[in-house]
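Asker: Use the sequences and the hints to build the structure in full.
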Amino acid sequence: MKALVGNRSIVTRLSNYICGSSSGDGVQVATVPVPEIKDDEILVRVRCVALNPTDFKHVDILAPRGAIIGCDYSGTVAKIGSRAPGNWAVGDRVAGWTHGGLYPDRGSFAEYLKIPGDLAWKPPSSVSDEEATTFGVSAVTAMLVLNVRLGVPWIDKGPVKGESNTPIFIYSGATAAGLYAIQLAKLAGLKVVTTASPRSHDLVKEYGADDVFHYRSPTAVEDIIRTYPNIDRAMDCFSEGGSTEFCAKVVHNSRGRVVTLLDSGKTDINGVKIDSMLAYSVFNQEFQWLPPFGPKFARDPSDNEALRRFYSSLPHISKQLKPPPLKKIDGGLEGLPSGLDLLRQGKVSGTKLVSSLN
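Position 17 (the sequence shown) corresponds to 17 in the working numbering; numbering is contiguous.
No lab work stands behind these hints: they were computed from the structure.
Note that beta-carbon positions come from the ideal geometry of N, C-alpha and C, so glycine has one too.
Honestly, I wouldn't trust all of these hints.
Below, simulated BS3-like cross-link-like pairs (lysine-lysine); rule was C-alpha separation at most 27 Å, straight line [unchecked claim]:
(1) 2 with 191
(2) 296 with 122
(3) 249 with 273
(4) 296 with 114
(5) 57 with 79
(6) 191 with 249
(7) 322 with 347
Here are the computed distance ranges between Cβ atoms for each label pair [stated by the list, open to error]:
(8) 21 with 230: 39 to 49 Å
(9) 156 with 255: 26 to 36 Å
(10) 1 with 253: 32 to 42 Å
(11) 89 with 229: 51 to 61 Å
Answerer: Below you can see the structure in the form of structure tokens.
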């Protein structure tokens, strides 16, 4: 099969990590073996993929040569393991995400991928292939932060009552993860306070935000605290350039908690608990970055259970969730590097890049 694979040496990747920059695509379209599935896995014929910042970050720093890039996908079931859960049939529509960028036999930027049968979901007819791809990294990240880390009520058992006056703060609400977090929090009955640039204020309100502040305003923190003095939970969807400190100030009065999507190296800021989260924990497998010297990450069965719960309910609750605005990238596998470079240059805002592979 054809796949987009990493093509940077360990020396180049370490240099990119140290210098904070990169040059060249760092990927190539190659012919690789179709993945061999285990008894509990399904083989997916990939039809459409979505692009995420984690994809280019893997390319630039983490992906060994030959590792298949990409996380988000939608497609059809091509083969089923003898004990694969999920009641799958060949030809079923399927979507989800996989831990792309580290392995030669996993990754969504390929004609086929493998995934455990209970870590994927069946999109209803109301959800297009392109839309289905966005319920991977972005939606799962929002679920893990809100439902698992911050104790926001799950919405899979029906309407939530008694939370309507409880505020939650979401930094960078116009990101794909932010837009899903806004919706999940609203459906759980919370009042959503967020930040966005002025051009995205209408967008985040369209997705359910109750109040939005310009993150670059010199009085933004003070304005939020004055309006919501008891806010005690925050999701940092940007997790760079001082955004975590911004969140910590917002919840400081309540000695609250901030969950970030990158490892800031901090666990406390002036009495505010900082929790760094990597959504790859949902796959319940140990992994390591830049082996043998890089950090190791342990299994997390509770996050794995959360993903299975989320995806088992998603065929129903997806009808209540609006995917982010989509921007299509042409060219199939060959066109993906240009999309990754748009993300790398910070030129994507308020949209989700998607591409059809056939």
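Asker: Quick one: are residue 21 and residue 230 within 39 to 49 Å, going by C-beta?
Answerer: At 42 Å between Cβs, range holds.
Asker: State, for the Cβ atoms of residue 156 and residue 255, whether the hinted interval 26 to 36 Å holds or is violated.
Answerer: holds, 30 Å
Asker: Is the hinted pair residue 2 and residue 191 satisfied, with a Cα-Cα distance of at most 27 Å?
Answerer: violated, 46 Å
Asker: Does residue 57 pair with residue 79 here, judged by a C-alpha cut-off of 27 Å?
Answerer: Since the Cα atoms of residue 57 and residue 79 sit roughly 31 Å apart, the hinted pair is violated (cutoff 27 Å).
Asker: What's the verdict on residue 249 and residue 273, does the C-alpha distance respect the 27 Å limit or exceed it?
Answerer: Judged against 27 Å, a Cα distance of about 11 Å means the pair holds.
Asker: Check the following: the C-beta atoms of residue 89 and residue 229 are separated by a distance inside 51 to 61 Å.
Answerer: Hint holds: Cβ distance 54 Å, inside 51 to 61 Å.
Asker: Against the range 32 to 42 Å, how does the distance between the Cβ atoms of residue 1 and residue 253 compare: consistent or not?
Answerer: violated, 54 Å
Asker: Is the straight-line distance between the alpha-carbon of residue 322 and that of residue 347 27 Å or less?
Answerer: holds, 23 Å
Asker: Between residue 191 and residue 249, is the straight-line Cα distance small enough, at 27 Å or below?
Answerer: holds, 19 Å
Asker: Are the Cα positions of residue 296 and residue 114 separated by 27 Å at most?
Answerer: OK: residue 296 and residue 114 at ~23 Å, within 27 Å.
Asker: Please verify whether residue 296 and residue 122 have alpha carbons no more than 27 Å apart.
Answerer: violated, 32 Å
Checked against the numbered hints above, the structure violates hints 1, 2, 5 and 10; every other hint is satisfied.
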